[in-house]
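My request is simple: use the sequences and hints to build the entire structure.
Note that the protein sequences, when read in sequence, are chains L and X.
Counting in the numbering used here, the first sequence runs from 967 upward without gaps.
Counting in the numbering used here, the second sequence runs from 158 upward without gaps.
Because the hints were derived from the structure by calculation, they are not lab data.
Do not take every clue at face value.
Just so you have them, the derived chain X footprint on chain L, three or more residues with Cβ under 8 Å [as the list claims (entries may be wrong)]:
hint, stretch
1, 1049-1060
2, 1839-1852
3, 1883-1893
Here a beta-carbon is modelled for each residue, glycine too, at the ideal position from N, C-alpha and C.
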Amino acid sequence: MKKYWKSVEELNENSSIVAKLEEKEFVSEIATDEFLGDKETLEESSTSRRDFLKYVGFSTAAASLAACEGPVRKSIPYVVKPEEITPGLPNFYATTIADGYDFANVLVKTREGRPILIKPNKLANGTTNARVQASVLSLYDSLRLKGPKLKGNDTTWSDVNAQIKASLADLKAGGEKVVLLTGTLASPSTEKLIADFTAANGNVQHVQYDAVSESATLDAFQEVYGTRALPNYDFSDAETIVAIGADFLGDWQGGGFEKSYTAGRQADTGKMSRHIQVEANMTLSGANADKRIVVKPSEQVFALINLYNAVTGESLPSKATAKDADIIKAAKQLKKAGTKGAVLTGIQDKNAQLIALALNAYLNSSVIDTATVKYTRQGNDAEVQQLIADMNAGKIGAVFTFNTNPVYTLANSAEFVNGLKKVKLSVAFASSEDETASKAQYALPTPHYLEAWGDVQMQAGSYSLTQPTVNPLFDTKQFQDCLLAWSGSSESYYDFLKNNWNSAILGGTSWNQALHDGVFTSKASENKAKTIDVATAASSLKAATKEGAFELTLFSATAIGDGQQANNPWLQELPDPITRASWDNYLTISQADATALGFSNPVQDNGAINGDYANITVNGVVVENVPVLIQPGQAKGSFGLAVGYGKTKAMKSEMQVGVNAYPLAQDLKVVQIASIEKVSGTHKFACEQLQHTIAGRYEILKETSLETYNDKSIDPKHSWNEVTKVSLKHEEVDVTAVDLWDDQDRSIGHHFNLSIDLSDCTGCGACVVACHAENNVPVVGKHEVRVGRDMHWLRIDRYYSSELDADSLEREINKNSTSDKVDDYYALEVPAENPQVAFQPLMCQHCNHAPCETVCPVAATSHGRQGQNQMTYNRCVGTRYCANNCPYRVRRFNWFKYNENSEFDFNMNDEYGKMVLNPDVVVRSRGVMEKCSFCIQSTQQVILNAKKEGRKVAPGEFNNAVACSSACATGALVFGDVNESEDEIVAKKEDSRAYRLLEAIGTDNNVLYQAKIRNTEEV
Amino acid sequence: MKSVKKHSQVLRLAITSLTFLFLFTFKLSAQGDVKAGKSLFNANCAACHKLDKKLVGPALGKISERRELEWLKAWIKDNNALRASGDADAIAIYEEYKGSPMTAFPQLSDADIVNIVSYLDADPVKKAGAPVIAAANEVEEETSTEWISYLVLLIIVGIVVWIFMKSDNTFLKIVATIFLLFNLAYFGFTALLSIGVDEGYQPVQPIAFSHRIHAGDNKIDCQYCHSSAKNSKSSGIPSVNVCMNCHKNISEVAEETATAEHSKAFYDGEIQKLYKAAGWNSETLEYTGETEPIKWTRIHNLPDFAYYNHAQHVTVGGIKCQKCHGPVEEMEELYQYSPLTMGWCIDCHKETKVKMEGNGYYKNIHEDLSKKYGVDKVTVAQMGGKECGKCHY
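Put into structure tokens, the structure is as follows:
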């Protein structure tokens, strides 16, 4: 039997908080005591009852007077209307994001010339993650650099161009070295341009730098295959995947593997890949894995060598680890999979990468693809460190930085800043006046990718174009345009790009077509492999691996990534898929270590959790006051900490959260030996994991193993997908057979259903941000999230589960009895050591028999015949009965006015940020309830388009219109019309895995879930 | 309310017949036919020429005082050939107009040209009858029912006061009080309901744009200017470049366009405002590039929480614009014709039958729904047009 739990606290049977939260229907009581119970405050108040009545009287009178006169509104049409714009209709443009960390082919929805939504460009095989989805808001960041600056003072582009051109000429005359330090560009045209610039200016070097480095893999791949790139992986046909310290469903090597990963895990085909994850932190990949082997970072190295030895039968120098038995099992499965097996590793050591490449070569793996290699990471650690040394030695004449923020991201940032002072000319191209831009002589504003031209080659043979979708908001110039100007060319980068594509890439095909599609593909050529000296690699790897009592793994969080979009409130408010905490980074620690070191996470009455602070020391570098969060599944003796937080430059004060962990990533290595000490203070986490109490109903997740699923002798309806039984006229019947309601005929017209496949959901959070963007969902800030007032229409609940042994099963059964067993150990420690994880996206379930509708005193929430549970904001008076009667806790109340309110200084209180709002969806006011609408504005638009064109709605059209399902990379969310037989949703509805949440309460939901299937097969 | 004088069908027929009679009678006169000349001028020349003003080409009024008839014939039929023959006048004109050649009109006969010239030489023809004077007696005053309700109220109040003053019957007093309170509540509620209802809202616009002239007199299709109504949720206020499609050539109104209220000079002044907005120099006939967007005052204001889509109603539903916007073609200045309240929307949704013929989208839905409701044609409300979420999201 399995027990599902949201927090370790729930495993503690004696926890009064959990009991309280379970029994409580509402997380927070009405705080009458707060304002009436405090006698002192009441007495101190200078407002008397009489005054109060006066205020009430005055404001009523004022309001009624004000209501008599309507405001005069102006309408200002274009003088000359651009041909492609029809007010009220969206335009879509194919473009590409390439910010050095995230690369994706996207479609941009613009309204009246403003980009308002990012969608994956599915024609170009594009997928989007949460950061790509949120990037549209970063365009409207009011703290962007609005014009060129020289030493902090405003200047003009003509002055800048003249001065820099003169300086470059001087440097050239003096034969001094000019360095272009950029993030990963992967842009064929920019590379050609840099080559031209080098030709014009002589001594120029282009150094690429990734804040989260993949240099080791690049070095290894270059050594074996001769080209500096990352191997690609296609998991759609994989049988066994062993990932060692590689969060490939997260941001490992640029990410983007989830689509092929889930394609290879479709249970209905009868086959699923077996995913074994060896890791220390609980990552997205670990959470999705069929088997998770928890080891410290140093042991991962030996796990890799041991795996190699076990598969190949060789005996490379290694060391035994505690999990060798599991590794041997994994090796057996790899061998069984043969060419359909693959090994991935995130160990930042060239030798480790060489061993992984050798092992894949030994398996002759068809999963790894060494031809269509990836170019999305190009950073070269050695060159970066050499540059810093040269700068300090005074060997560098000029440094131009672009698409990178080394002063913030480098561990040896101080050395870099020192070096920068010794350089004659330092120029930072930046989107905001960030840490680097404020240290360089020139801070030159670059346009956002939605305002710029560009190209990118994400993988061999796949060329993508970036095109502007809006006129530049500020006085910005592209890095490439500047390089052209400084090389003495009068060409614009657009012309340069177009010429380069026509001559070098398109091979005679149409530029306009490529621009329309956003992508152009050609064939990639094979890379020949050299033999790998595994023995040498293994021995030097063994020698280089240091073990410590505590090892720290730095990682990039799902929401913030490398930190370049840290000033984006949507991302700050996106809860981490694993910890469910937002607005923070924190040290994750195992339960055992936490107990030993005296850390705890007490849960508060309202479901919020607190934490202690620690100082972390790595090699003498101390990062102070890091909040500590106990993470089930964290390897004992290891810590995790996210980078990308703690930024202070060009950040709104609300967004200046967390600590900067980059100083700990010494030598650009994310694994470090660390020590921590507890310091005083209590940290208040904005963590949603225990909020939205489910009132003790835990049967909301269903899962089974592939073996059981494939066993046709087992009827799912009587086993793993059992329907609750009730007694009707003294007979046991399915609960679905009983209905208190008169059912309506919904067979005519559209009837929408949403299917959510728990097997396919990797928890990436793209849908959550897409929902924010599409539906004008407000951001409420850290404090409000902490007290459970987050406004997410769509949240992704994370459940831990653990198999209960006989003892704890008995305890579970006796839980409500009066027995007082205090043997917590099993319940608390063992399951928490390595729990299984399941993600469950949860939004309004659009119940056909909705409990919320019946309790609304003003009929503000009502039912549509298309299946939506409709919420009429202008009718709502804010009684919140509906939210209290909702079994799924998906209704959100506007406790405050979140727009144009300086208390909530996020995008809706910002003249630029407001431009991202969807004009088809109303911005809600204070005191009304809101929730998922099934994107009715989009489905209605689809229907209208069909009516205008006099045709039926095509299958899949609704799925692409709804924000969450169109954003989903893996197809876990499928939206459609169940009355349309060709729609994908019809099959989903009939699937044996389909179930409805809390079916027993008879709400007859229009949201379906597909039970999670795990491949538990061991060899 | 103002009204445009309407000619009866019979009258129009009579005038047309008389004109034709006139035409045929005088066709053979050597002098040339002014009427025929006018229609030829309007068909062929008016796009570039005016009588009294330079447009694309020179002003042509009283042209025969400046040019020989034979020269004119040669020029009009093929000015290019005339220039090629070395005619000094022809070349001079060509150069004056910066080398933009006039279209050749080989299809015009000599007689046609004589007619045109006669029209150009004739005094500007005054239209029969004085400018239209708003004939108030033609339109019946809308009978107001308001004074009746005031009268009723007054009588009721009178009776109640009388009861209180004169009667000793307590029961009657209580009943009267309750009656009075009910009435007050009724009137109070009605008054409160009308808050925010802007029926008849007619703000002063920056340009006194007359829908009467455009949609009424000139019968310009609504969607020529409000072109996004068929595609988009908003009908769109036309951008200035759409106005200039016509007003590049129409820099003044005809005499007969003027009304008692607004003179010709007034309308011409309004067109100048448009030129200012578009940055059009009506002397040099060039765009200056100095534009100035027109800040119209919005008349139809739906609250943010109500979603309305023009395309749904205009294209799919085939609803005439006038159904909601009223007789726009008669409005000198536009005003809000309908209350735009929710009740008003819903009433229409309840009555209106969905126009499904020939629309592939409704193919099966129509049959199924009409069967379900047992009706021939389903109304918008039966299609779900009464659901809150269809307009509020």
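Here is how each hint holds up against the structure:
1. 1049-1060: holds (count 4)
2. 1839-1852: n = 3 at 8 Å, threshold three: holds.
3. 1883-1893: holds (count 4)
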